[in-house]
Amino acid sequence: GAGVSQSPRYKVAKRGQDVALRCDPISGHVSLFWYQQALGQGPEFLTYFQNEAQLDKSGLPSDRFFAERPEGSVSTLKIQRTQQEDSAVYLCASSLGTESSYEQYFGPGTRLTVT
Amino acid sequence: EDKVVQSPLSLVVHEGDTVTLNCSYEVTNFRSLLWYKQEKKAPTFLFMLTSSGIEKKSGRLSSILDKKELFSILNITATQTGDSAVYLCAARFTREYGNKLVFGAGTILRVKS
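Sequence lines, in order, name chains G and V. Those letters in the first sequence? Residues 1 to 115, per the numbering used here, in order. Those letters in the second sequence? Residues 1001 to 1113, per the numbering used here, in order.
Any given hint could be a false lead.
[As the list claims (entries may be wrong)] No more than 25 Å apart at the CA atoms, straight line, and that leaves these computed lysine-lysine pairs for DSS-like:
no., chain 1, residue 1, chain 2, residue 2
1, G, K78, V, K1040
2, V, K1112, G, K57
3, V, K1041, G, K78
4, V, K1040, G, K11
Quick caveat, the hints were computed from the structure, so don't treat them as lab data. From a predicted model like this one, the values you see are computed outputs, not experimental measurements.
Put together the whole structure using the sequences plus the hints.
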């Protein structure tokens, strides 16, 4: 498919478990973003990659959150020792990153529930 | 603090009505305003507005940006049940390492048949 894909779509974790969420951006998209969306809220920025470089991680809520994009394509968001407040939908978005084509294309998200 | 505020929080209308959704923003180094539609899954892109006073249209949807008053509106005419969704607006701004988006909480639109 031509869109952004994410896996898994749903994840249930017990408190204290580690989870890994995957994002496959649109081919050729330079920029990749991770967002956290709580129920009834808009997406909140977590981190940003330009190719393989993580240029902004100011939105990561704690040092339990870690993201990587080692080859400049697929990205993984890892959450260690999950807590209940981590329950949310995690959205990945990609964009060409050029000034004239900045719109971000979102994946379907991963709904994480921590019990 | 950079922020985007949307109003109303929710809206219920009948098919055929016209609705106006509001978005105000306060960000430094503002670049553009984006609108998305979210229906239980990924937000889908509607518009990106960079210049003040120039209306963008797509079918029954239109949007305009006022950079002096720091707001944007999204109009939907002749609403249909398929327009029911959460409408998100986001302000794009420049930081040290490129552009970022800050989203509003969204407006929940429900169109009744």
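Verification of the hints:
Our distance criterion of 25 Å between C-alpha atoms is met by K78/G and K1040/V, whose separation comes to about 24 Å. For the suggested pair K1112/V and K57/G, the alpha carbons sit about 42 Å apart, so the restraint of at most 25 Å is broken. Taking the CA atoms of K1041/V and K78/G, the gap is about 21 Å. The hint holds against a cut of 25 Å. Simply put, K1040/V and K11/G have alpha-carbon atoms about 17 Å apart, close enough for the 25 Å limit, and the pair holds.
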